[in-house]
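**Q** Fit chains S and H to the supplied structure of chain P, relying on the hints for placement.
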Amino acid sequence: MPKKIIMSIYYSITALRKRLTPACRLLLAAVCALLVVIVFMSINVKASWEFTLTFRGKKLITFLLVAFCISTATLLFQSLSNNRIITPAIMGFDSLYILVQTSLVYVLGSMQYTALNSYLKWVIEISILVIAASYLFQWLFIKKHYNLYLLILIGVVCGVFFHSISALMMRMLDPTEFSVLQDSLFASFNAAQSELLIVSIVALSAIGIFLYRYHHYFDVLALGKPMATNLGVNHSAMTRVCIIVITTLIGLSTALVGPVTFFGLLVVNVAYIVCGSHYHRYLIPMSILCAIILLVGGDVLLQHVLGYDTKLSIIIEFIGGVFFICLILRKKI
Amino acid sequence: MFRIFLPLSLLLALLSISSILIGSHALHFDAKSLDIILISRVPRTLALILTGISLSVAGVIMQQLARNKFVEPSTTGTVESATLGMLVMLIFFPAASVFYKLLVACISAVIGTALFLLILRRVPLRSGFLVPLVGIMYAGVLGAIITFIAYKYDLLQSIWVWIQGDFSMVLRGRYELLWLAAGLSFIAYFSADKLTLAGLGKQVSINLGLNYSVVFVWGLIIVSLITGVTVVNSGVIPFLGLVVPNIVSLLVGDNLRRSLPLIAMSGALLVLFCDILARTINFPYEIPIATVMGIIGSFIFLFLLLRRAS
Amino acid sequence: MIQTRNLSLYYAKNPILTDIDLSFRSSGVTSIIGPNGAGKSSLLSLVCRLQAPTSGDVTLNGESIHKLDNLQLAKKLAILRQENHIVSRLSVADLVCFGRFPYHQGRPAKEDLEQIDWAISLLELNEFKNRYISELSGGQRQRAFIAMVLAQQTDYLFLDEPLNNLDMKHSVNVMKTLRKAADEMQKSVVLVMHDINFAASYSDEIIAMKAGQIVHQKSPEDLMHDDILSDIYDMPLKVENVQGKRMCLYYL
Numbered sequence: 001m002p003k004k005i006i007m008s009i010y011y012s013i014t015a016l017r018k019r020l021t022p023a024c025r026l027l028l029a030a031v032c033a034l035l036v037v038i039v040f041m042s043i044n045v046k047a048s049w050e051f052t053l054t055f056r057g058k059k060l061i062t063f064l065l066v067a068f069c070i071s072t073a074t075l076l077f078q079s080l081s082n083n084r085i086i087t088p089a090i091m092g093f094d095s096l097y098i099l100v101q102t103s104l105v106y107v108l109g110s111m112q113y114t115a116l117n118s119y120l121k122w123v124i125e126i127s128i129l130v131i132a133a134s135y136l137f138q139w140l141f142i143k144k145h146y147n148l149y150l151l152i153l154i155g156v157v158c159g160v161f162f163h164s165i166s167a168l169m170m171r172m173l174d175p176t177e178f179s180v181l182q183d184s185l186f187a188s189f190n191a192a193q194s195e196l197l198i199v200s201i202v203a204l205s206a207i208g209i210f211l212y213r214y215h216h217y218f219d220v221l222a223l224g225k226p227m228a229t230n231l232g233v234n235h236s237a238m239t240r241v242c243i244i245v246i247t248t249l250i251g252l253s254t255a256l257v258g259p260v261t262f263f264g265l266l267v268v269n270v271a272y273i274v275c276g277s278h279y280h281r282y283l284i285p286m287s288i289l290c291a292i293i294l295l296v297g298g299d300v301l302l303q304h305v306l307g308y309d310t311k312l313s314i315i316i317e318f319i320g321g322v323f324f325i326c327l328i329l330r331k332k333i
Numbered sequence: 001m002f003r004i005f006l007p008l009s010l011l012l013a014l015l016s017i018s019s020i021l022i023g024s025h026a027l028h029f030d031a032k033s034l035d036i037i038l039i040s041r042v043p044r045t046l047a048l049i050l051t052g053i054s055l056s057v058a059g060v061i062m063q064q065l066a067r068n069k070f071v072e073p074s075t076t077g078t079v080e081s082a083t084l085g086m087l088v089m090l091i092f093f094p095a096a097s098v099f100y101k102l103l104v105a106c107i108s109a110v111i112g113t114a115l116f117l118l119i120l121r122r123v124p125l126r127s128g129f130l131v132p133l134v135g136i137m138y139a140g141v142l143g144a145i146i147t148f149i150a151y152k153y154d155l156l157q158s159i160w161v162w163i164q165g166d167f168s169m170v171l172r173g174r175y176e177l178l179w180l181a182a183g184l185s186f187i188a189y190f191s192a193d194k195l196t197l198a199g200l201g202k203q204v205s206i207n208l209g210l211n212y213s214v215v216f217v218w219g220l221i222i223v224s225l226i227t228g229v230t231v232v233n234s235g236v237i238p239f240l241g242l243v244v245p246n247i248v249s250l251l252v253g254d255n256l257r258r259s260l261p262l263i264a265m266s267g268a269l270l271v272l273f274c275d276i277l278a279r280t281i282n283f284p285y286e287i288p289i290a291t292v293m294g295i296i297g298s299f300i301f302l303f304l305l306l307r308r309a310s
Numbered sequence: 001m002i003q004t005r006n007l008s009l010y011y012a013k014n015p016i017l018t019d020i021d022l023s024f025r026s027s028g029v030t031s032i033i034g035p036n037g038a039g040k041s042s043l044l045s046l047v048c049r050l051q052a053p054t055s056g057d058v059t060l061n062g063e064s065i066h067k068l069d070n071l072q073l074a075k076k077l078a079i080l081r082q083e084n085h086i087v088s089r090l091s092v093a094d095l096v097c098f099g100r101f102p103y104h105q106g107r108p109a110k111e112d113l114e115q116i117d118w119a120i121s122l123l124e125l126n127e128f129k130n131r132y133i134s135e136l137s138g139g140q141r142q143r144a145f146i147a148m149v150l151a152q153q154t155d156y157l158f159l160d161e162p163l164n165n166l167d168m169k170h171s172v173n174v175m176k177t178l179r180k181a182a183d184e185m186q187k188s189v190v191l192v193m194h195d196i197n198f199a200a201s202y203s204d205e206i207i208a209m210k211a212g213q214i215v216h217q218k219s220p221e222d223l224m225h226d227d228i229l230s231d232i233y234d235m236p237l238k239v240e241n242v243q244g245k246r247m248c249l250y251y252l
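Protein chains in written order, with our numbering: chain P, 1 to 333; chain S, 1 to 310; chain H, 1 to 252.
The following block holds chain P by itself, in its conformation from the complex (with noise of 0.2 Å):
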């Protein structure tokens, strides 16, 4: 009987999939998405509704942000790189923003740093950031053979360089200034700093106009280097301009919750699955949708359901981390 009914589901979900356009899909996305989001705001409320709605509030707008800028990075990158088992988030940009912190306080001294504008003091620091890993790119893609996975192993092994030198800086600062350094580190999705979020929403505003105006072109250059040349499409220029795009993203995204690697493989690979079509214009909003559902939905999953005290990032790495692997193991790169 229970493999009847399995094999039922199985046919109907089939059939179903066939008459799903991905537009219908998306909307189906965008309806579950709404669904949780409204479940995370008013299940189990506790406290007084004001400080229920801001706090929550505060932490829905960073889900909102990384979802969007982890997804998208990804995304692009893997159509860049036209490889669906690499993820930007390996390439150490989380090291070289901890270094960027850690120089700025070992240079400025904690109390200059501390009396830094907080607006400025984010715009520098992701400036810094994409300025200096747009600029590892750049002078990689100067070599006229260069290989993909070599720039990424590149960027993780500068990754540990960075590291590195953090460390070291971290071991010569002295006591009050490294705790003042560990305020500005520690990072989580309930203690996002609202000036940072505010820069986060302007940034992603103009990312988002990007999108919409060239995922046409996002297309033509999963094609392959070659062909998107053939097709009038100006490969190395398009692809300066999404790099840079794709590490303000990791920046931004680092910047606000700290490094998370995996989640970006899930995400996309999940959208692949489900989308129903290859076109940007479809693939961008959904993963980002799968993004908004996964990151929303676990952390009440895990909040009020699972009653756990766990970090959702640990939680989100451990399943993206397995999820990797047995992606590597079912398909061919």
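No lab work stands behind these hints: they were computed from the structure.
Among the clues, some could well be false.
DMTMM-like cross-link-like pairs, simulated, lysine to aspartate or glutamate; straight-line CA separation at most 20 Å [said to hold, decoys possible]:
(1) P:K225 / H:D69
(2) H:K110 / H:D69
(3) S:K152 / P:D299
(4) H:K180 / H:D155
(5) S:K101 / S:E176
(6) P:K225 / H:E83
**A** Okay, now just chains S and H, sitting in the frame of chain P:
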């Protein structure tokens, strides 16, 4: 070959003596200084040399097994697997003796590395750089698992501090396991030819009459045992097993019978050098050697990568 | 007219192409033949700006192609390479639609759709129109790519071994289609061919390459001779007269 060994041995002696002399306590000709030398300085120096030898040898064996120049125990998930085993022991059997902790760490290292090599078979190797990349991502996955478990049992800070290579706590009676690791490296020397052949691939090895699987497993066990011992004893030194064999390979090639002694020697020298640096940069405070090695190692690794690219 | 001037390509110190001076006619079919490693595919890549030469220049109507706007160039010349590995799941219709990208930039208009339908019918792909290219046979996939490059409606078409994976019927049909495109639509079709007989039967001109240099640029009648072919391919070859056409039977 001997021509290289003589100056290197002198350098080794020089660095060893410096290592014995450098420390926060100034040495005089009295009993207290002698104690410090025998209990702390000499064991530390020996530990450094042994770790340098064993980790470099483990690195080159790993490279033969994976048939790729850019792998070593810390980029293939071996270190993380050993740590996972140790973590499990710490949580569930905290009172177990060092021997059992070591045993579990080594067994999990074997399992983790075997899994990595299995994954490698499924990955169509479009590029030589893909292997270390997959290895690093795999290591990252295991790291995420470790973080997950450690967070639940509130061991997060301890485990990451433990793993970071740091020789400041080495005392007489606390480092002897490393002799085991170095011993394994010497044993590896006797199978050097077989390991070189295995590095040429399964088809070539079988064609030449080598029992590939046996040699493969043997190499795997040596790497895992060395990693297990190092992780349990003094922590991990990143990239050591990668840069030393690569640089030696640039100088004398990949015939292990010729290059293995040189690799062992160079590994010891590099570790000694880094530790001396770590002790003197912020004198009298000590910086963990993993940090110094991280900077120097990644720098050399980048140089090797870029050299390969052009 | 597309011209190359002192075109050279070197990988490290290895010469792939040395001092190529060539003019491609502005209409008609030209075949490039030669043994493996002669540099034919590299020549195509350089002419279509997929790669930058080590020295020398390629000009279109007198202007260097590297200085021309890339998008405009895409409407003037198109290339189909030998290897086409695509990760995305695209249907035949999607793929051919991409061939029109230089014109519609993502928003296909009526004219684009008409061109797409025309290209698909021409290559007899109507029944596969909505199937994913990963689900097609090698030959069907090859025809889909040819349809894509035809839909790009360029003056110059460069195809690298277009008859790979095609059976006899479709090989002949593709050659006839390309001949028709050259005659009726005044296109210049340049093909890298490994089959000398197809090249000779359908081309107005044949360019022979060997070891990175042009050794002959002649009409088929002038090229199809024992001594010339034997010299190009480094093997004893005989040219026979079969039904009024010159054929080289090299199978034995």
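**Q** Work down the list of hints and note, for each, if the structure agrees.
**A** Hint check results:
Annotation: proposed proximity of P:K225 to H:D69 holds, straight-line Cα distance about 17 Å (limit 20 Å). Restraint check for H:K110 and H:D69: not satisfied, since their Cα atoms lie roughly 25 Å apart, outside the 20 Å limit. Under the criterion of a C-alpha separation no larger than 20 Å, the hint pairing S:K152 with P:D299 is consistent with the structure, at around 17 Å. Among the hinted pairs, H:K180 with H:D155 is consistent with the structure: their alpha-carbon atoms are about 14 Å apart, no more than 20 Å.
Proposed proximity of S:K101 and S:E176 is supported: the alpha carbons are some 15 Å apart, at most 20 Å. Taking the CA atoms of P:K225 and H:E83, the gap is near 12 Å; set against the 20 Å cutoff, the hint holds.
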